[in-house]
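Here the protein sequences line up with chains A and B, keeping their order. Take the first sequence: its position 459, counted from the start at 1, is 459 in UniProt numbering, and no numbers get skipped. Take the second sequence: its position 374, counted from the start at 1, is 374 in UniProt numbering, and no numbers get skipped.
If you're looking for bench data, these hints aren't it; they were derived computationally from the structure. It is possible that some hints are incorrect.
One copy or any two copies: either way a pair holds, since identical chains are not told apart in the list.
Heads up, simulated DSS-like pairs for lysine-lysine below, C-alpha to C-alpha not over 27 angstroms straight-line [as the list claims (entries may be wrong)]:
{"hint": "1", "residue 1": "Lys622", "residue 2": "Lys434"}
{"hint": "2", "residue 1": "Lys94", "residue 2": "Lys271"}
{"hint": "3", "residue 1": "Lys446", "residue 2": "Lys622"}
{"hint": "4", "residue 1": "Lys457", "residue 2": "Lys504"}
{"hint": "5", "residue 1": "Lys131", "residue 2": "Lys173"}
{"hint": "6", "residue 1": "Lys431", "residue 2": "Lys568"}
{"hint": "7", "residue 1": "Lys179", "residue 2": "Lys568"}
{"hint": "8", "residue 1": "Lys179", "residue 2": "Lys203"}
{"hint": "9", "residue 1": "Lys312", "residue 2": "Lys575"}
{"hint": "10", "residue 1": "Lys101", "residue 2": "Lys236"}
{"hint": "11", "residue 1": "Lys484", "residue 2": "Lys438"}
{"hint": "12", "residue 1": "Lys271", "residue 2": "Lys236"}
{"hint": "13", "residue 1": "Lys111", "residue 2": "Lys236"}
{"hint": "14", "residue 1": "Lys622", "residue 2": "Lys504"}
{"hint": "15", "residue 1": "Lys486", "residue 2": "Lys207"}
{"hint": "16", "residue 1": "Lys484", "residue 2": "Lys504"}
{"hint": "17", "residue 1": "Lys202", "residue 2": "Lys101"}
{"hint": "18", "residue 1": "Lys94", "residue 2": "Lys236"}
Everything numeric in this text was worked out from a predicted model, so none of it was measured.
Protein chains: 2
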Amino acid sequence: MAAPARNPDAPASPTVKKDAHEWSRAALEGVLAKRFFYNQAFEIYGGVAGLYDYGPTGAALQANIIAAWRNHFILEEEMLELDTTIMTLSDVLKTSGHVDKFADFMCKDLKNGEIFRADHLVEGVLEARLKGDEQAREAEAGTTSKPKEEVAAEGSEDKKTAKKKKIKSAAVKLDDAVKAEYESVLAQIDNYTGAELGQLIKKFAIKSPETGNELSEPVEFNLMFETQIGPTGYVKGYLRPETAQGHFVNFARLLDFNNGRVPFASAHIGKSFRNEISPRAGLLRVREFVMAEIEHYVDPLDKNHERFDEVKQVKLPFLPKGIQQSGKTDITTTTIGEAVASGMVDNQTLGYFLARIYLFLQKIGIDTQRVRFRQHMANEMAHYASDCWDAEIKTSYGWVECVGCADRSAYDLTVHSKRTHKELHVQVPLKEPKVYDKLIPELNRKALGPKFKKEAKAVEEAIVEMDQDALGSLQSQLQNGSAKVKVGSQEYEITPDLVKVELKVVKETVRTYTPNVIEPSFGIGRIFYSLLEHSFWAREEDADRGVLSLPPLVAPFKALIVPISNSKELAPLVKQVSRKLRSAGVAARVDDSSATIGRRYARNDELGTPFACTLDFASLSKGTMTLRERDTTSQLIGPIDEVISVIRTLCDGEIDWQGAQKRLPAYSGQQALD
Amino acid sequence: MAAPARNPDAPASPTVKKDAHEWSRAALEGVLAKRFFYNQAFEIYGGVAGLYDYGPTGAALQANIIAAWRNHFILEEEMLELDTTIMTLSDVLKTSGHVDKFADFMCKDLKNGEIFRADHLVEGVLEARLKGDEQAREAEAGTTSKPKEEVAAEGSEDKKTAKKKKIKSAAVKLDDAVKAEYESVLAQIDNYTGAELGQLIKKFAIKSPETGNELSEPVEFNLMFETQIGPTGYVKGYLRPETAQGHFVNFARLLDFNNGRVPFASAHIGKSFRNEISPRAGLLRVREFVMAEIEHYVDPLDKNHERFDEVKQVKLPFLPKGIQQSGKTDITTTTIGEAVASGMVDNQTLGYFLARIYLFLQKIGIDTQRVRFRQHMANEMAHYASDCWDAEIKTSYGWVECVGCADRSAYDLTVHSKRTHKELHVQVPLKEPKVYDKLIPELNRKALGPKFKKEAKAVEEAIVEMDQDALGSLQSQLQNGSAKVKVGSQEYEITPDLVKVELKVVKETVRTYTPNVIEPSFGIGRIFYSLLEHSFWAREEDADRGVLSLPPLVAPFKALIVPISNSKELAPLVKQVSRKLRSAGVAARVDDSSATIGRRYARNDELGTPFACTLDFASLSKGTMTLRERDTTSQLIGPIDEVISVIRTLCDGEIDWQGAQKRLPAYSGQQALD
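The following block holds chain A by itself, in its conformation from the complex:
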């Protein structure tokens, strides 16, 4: 089938960083705060852990990432976009399993009541001990010890104490066997149950880090925010922890909208909420976040993907579950075609999305050298999932799960259908009708009602839901006079006057099935933060001159307009250029402050704006404008309209800076400006 070629416009990583200063998270955080990408919400009230507000730059960057996502996924694949409610009826999340199972384990300092997330506590303490071991070994060997580093771990929860606490490492050497055991535990830290975490805490004598007090056993804490809908107090609601359930409860309408055909996908971009026990690591673990989720519905008998061939040559870095279970983290790089053929990735549709996720991350500027696809291990994965891979991105906090891609099988649609008695399935006409014998129960409802009264309905349902084996057994028991039917823990006696089971010839003309669901689920905030880390560097000549090399596709503003002075003569021209750029669809900002040109360029580099147009008195006399590129600081010059046309073409990704250099001459005058 003639399918469109993939857009090859993924930006290369900036190439001018090789001389940059050593990367520093503190420097990045300084720039992000100063340029108002984001900051802690309710900062003037002391802030609340895990809640962040995005300022003008951050909001624009986020909006651009979302727009790129919408183009790359929704428009490209004609997905059906939804906007469902955040407020979710408790029944829905009871059915999905979230009310019972969406929880983390926490333990309490038994004396001061401080609360820790159990897995993070174990992780933090063991990491600190390994660090101490390293220091002790270095000291023993006489090598220079690096300055003591502290390992981030759990702070307690509320806003007064939510600042990240560090667990201090002491230079204590560990036995080789202990060290190996710690390392093995850390490699599987996401893989433990609450009881197992409790055992680890005992085994490794882990105490409350600051006080040394004993800790409680880990107990479950449900991560959903709960509230009441309406004034009666009868209707309980939760803030959704994912958008997925909003897709599933609308499945019947979506299928109808798609003329009854499968495969198709629904997509939803919106906020979700998790009441984290102890948020940490900035935007990486928060209580309110933007998700972009796709639910792709497929026939369980055919999980091939129509467009798989378009991506099968894409090479991806895999970390399969077997490797992790052996305590290692080695990467296997292979094409997605081979990964599916070998069975490492379960099916083509899952594989197609892994490749598309990789291409998306590349397109928005993530350094793909710092991306891997990690497969979930047994205990991590929901019991119904048949396979699950996380796209992880490496940041200064380590590897971060940014996109989950799971095969949720038919689980969700099945449980909602069962709970609501609504049909959430697909019907396809069979090419050949299927004719076969089938045991069918016939209920004498007039007799069942009076006999079992309130229980009658449950007994009837139990019989109707029996499979052929159970019906065969029921039939033979009834032939012997009576049968027992179990409902929950109760047994009911059934006699032949109440139920008959007969073998009948059945002719099926349609096949009915519950679709399986492949779910790529994106944490936009985590991708946003990782992108900022991957984009940030400082100029060789000055560690204080930070640069955010964001690609034009997602940069908050595409062009800066800089009048060389705030002379009144230049003002009308500044307005005119601003208006022309806006008409060309280029988001531009004017900086007509009194700072020097150099300072304004530096500010602009921190905002991640790829291009700057400088207007000077030659602009008035000759109608020219210079064009500066952020990463190289090189400049071109040309007539104003031509420069605007070049910027538009650069922003659309039709040309790169080399292409721009072919269209406009280099600017060599007044080099001192920069």
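Dock chain B against the given chain A, drawing on the hints supplied.
The following block gives chain B in isolation, referenced to the frame of chain A:
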């Protein structure tokens, strides 16, 4: 100042409706459900009142309205966009007044516990009585009585009973004076306090509509959803009831981002929540909704707007407060320039936004004949607001408040600053330094501390916050030996060793002020629904053939691609046209179902898709494609690429259908198709 001319591309209302069938809300609702614009959330679970999910058409229409809003306001005025958290710290909403005052009054059926929103109950009962009076008068006069209508009023709250209840009208004639009194109460129904509503319920002997039981006194119910942040239970949170507070708590960072300059505006598009007592009227009164809010910060001494001249000739329909208080609803139409000059609208900035709101509504397709600007009456308006106008849109539910535009004065920034002791103000250098005498208190903190212990800080604050009059009085009391300082209800005795008050010469070089805030606040869901009502009609020849005449700017899909048959020969061409439209930035959908062309066009009309491209065998042999316009059903024909170019130009608003008719010849073949 050279400012860009206003974009004159507002679409005209469809002109072909004159022969349309009588408008019917039931027909519209049928189309909206069938084409999955939206439906009640958790429908398969029985639904929850006041919560709605948007399907693929609704989500796209909403996204397009939001995109138009972002262009019209944020980009046009270079506003600073924010994305702040929905989860809000309770302290913030305590300061803003929402914890104490954001409430509606409800009363309870004293026997069955059913809950009613008090103002809606009074409204519903009086409307029903007036209806009954009308019927009785008609019967008396012998004129034919219309079929009995029922008046919508309040249902009780939870999901089982949330279906709208009707209050039955009985044909009972009222005294002329009573009738006039009811009408006057209804004209001011938004204007009553809880106690006044209680008096009306007693005076008019209003009972629980279905049972006739007595009702409780109206009590306040806070409309915010409450929850706990974190596992400790110490931090209370609310879902924001508006985005505004998220702007205000970030004001200092926003001002800094804007280089300290005022005026400027911040803007935020996002969800807000109100736990309505009894949601009704579909999308018009819901518990979760998208808002788009602008907070425009101005110098309180200069509320002129730089671009006011661009809009001053725009004529707007006004309903000022004086007219309403006299019980009338007559509209005054005048230019915004005159409205501001006459003082009816308080200032230029408020006036500028009223005009811009009107132009926005016109641009997205709202019928401006059904728009009015209603000024708030005294009791409706927050005590701090100096003026407030609502843009109301007329729908089948009556006039609906869709945009509020208030001057919030300096209230919010002042209360947050006071509560947090953070400076939320603007400093501007004075041209001439101001030199004057000022009484200044000098505190002897070393003595105050031991003397007042825990209270010392409060006493010091009380003195520091004194105005010049209070300081004068303090000074003279101290000269007489001692003074009393009041803190809350306590008085403290101050002696001259503790505090001195002296007259000093002060030189001020900067002026410090708290900006005032003009706030245009848009309910996107209400605008969305009103637009659907204004766009819907049925073709003359068939009441079942509904059409949604949405302008191309906001239509969910811009073009439909229809292969004349689902022959395999046409499939590659369908893919190619689909890809070409996507590249041209035109959101298109293929309908290759087996329905007849006519049925597919009809379906398309209900989706509001303005253009349809039909591919037939001539497309294969001659490379042509026909182009159908939704409202007129007229068709043009041309080479595929030329037709695509015309569609792109139509969608960009550069030409209208008349312009398209100049570029492509009319299609006259196979007229039977449509």
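Hint check results:
1. Taking the shortest Cα distances, Lys622 and Lys434 never come within 27 angstroms of each other, neither inside one copy (82 angstroms) nor across copies (45 angstroms).
2. With identical chains, the CA atoms of Lys94 and Lys271 are at most 27 angstroms apart both within one copy (20 angstroms) and between copies (25 angstroms).
3. Taking the closest pair of Cα atoms, Lys446 and Lys622 never come within 27 angstroms of each other, the shortest separation being 97 angstroms inside a single copy and 69 angstroms across copies.
4. When the C-alpha separation of Lys457 and Lys504 is checked against a cutoff of 27 angstroms, the pair qualifies only within one copy, where the shortest distance is 24 angstroms, while the shortest distance between copies is 90 angstroms.
5. For the homomeric pair Lys131 and Lys173, the shortest alpha-carbon distance inside one copy (9 angstroms) is at most 27 angstroms, but the shortest distance between copies (89 angstroms) is not.
6. Only between protomers do Lys431 and Lys568 lie at most 27 angstroms apart by alpha-carbon distance; the minimum there is 19 angstroms, versus 78 angstroms within a single protomer.
7. Neither within a single protomer nor between protomers do Lys179 and Lys568 lie at most 27 angstroms apart by alpha-carbon distance, with minima of 70 angstroms and 65 angstroms respectively.
8. For a Cα distance limit of 27 angstroms, the shortest separation of Lys179 from Lys203 inside one copy, 14 angstroms, qualifies, whereas the shortest one across copies, 82 angstroms, does not.
9. Taking the shortest alpha-carbon separations for Lys312 and Lys575, only the inter-copy value of 21 angstroms comes in at or below 27 angstroms, while the best intra-copy value is 49 angstroms.
10. Proximity of Lys101 to Lys236 under the C-alpha cut-off of 27 angstroms is found in both arrangements, the shortest distances being 17 angstroms within a copy and 24 angstroms between copies.
11. In the homo-oligomer, the alpha carbons of Lys484 and Lys438 lie at most 27 angstroms apart inside one protomer (21 angstroms), although the nearest pairing across protomers, at 97 angstroms, exceeds that limit.
12. In the homo-oligomer, the alpha carbons of Lys271 and Lys236 lie at most 27 angstroms apart both inside one protomer (20 angstroms) and across protomers (20 angstroms), since each shortest distance falls under that limit.
13. For the homomeric pair Lys111 and Lys236, the shortest alpha-carbon distance between copies (24 angstroms) is at most 27 angstroms, but the shortest distance inside one copy (34 angstroms) is not.
14. For the homomeric pair Lys622 and Lys504, neither the shortest alpha-carbon distance inside one copy (93 angstroms) nor that between copies (58 angstroms) is at most 27 angstroms.
15. Proximity of Lys486 and Lys207 under a CA criterion of 27 angstroms is satisfied in neither setting, with 49 angstroms inside one chain copy and 51 angstroms between copies.
16. For the identical chains of this complex, Lys484 and Lys504 are intra-copy neighbours only, at 23 angstroms inside a copy versus 100 angstroms across copies, given an alpha-carbon limit of 27 angstroms.
17. Taking the shortest Cα distances, Lys202 and Lys101 sit within 27 angstroms of each other inside one copy (24 angstroms), while across copies they are farther apart (51 angstroms).
18. Within a single copy, Lys94 and Lys236 get their C-alpha atoms as close as 11 angstroms, and across copies as close as 24 angstroms, so both meet the 27 angstroms cut-off.
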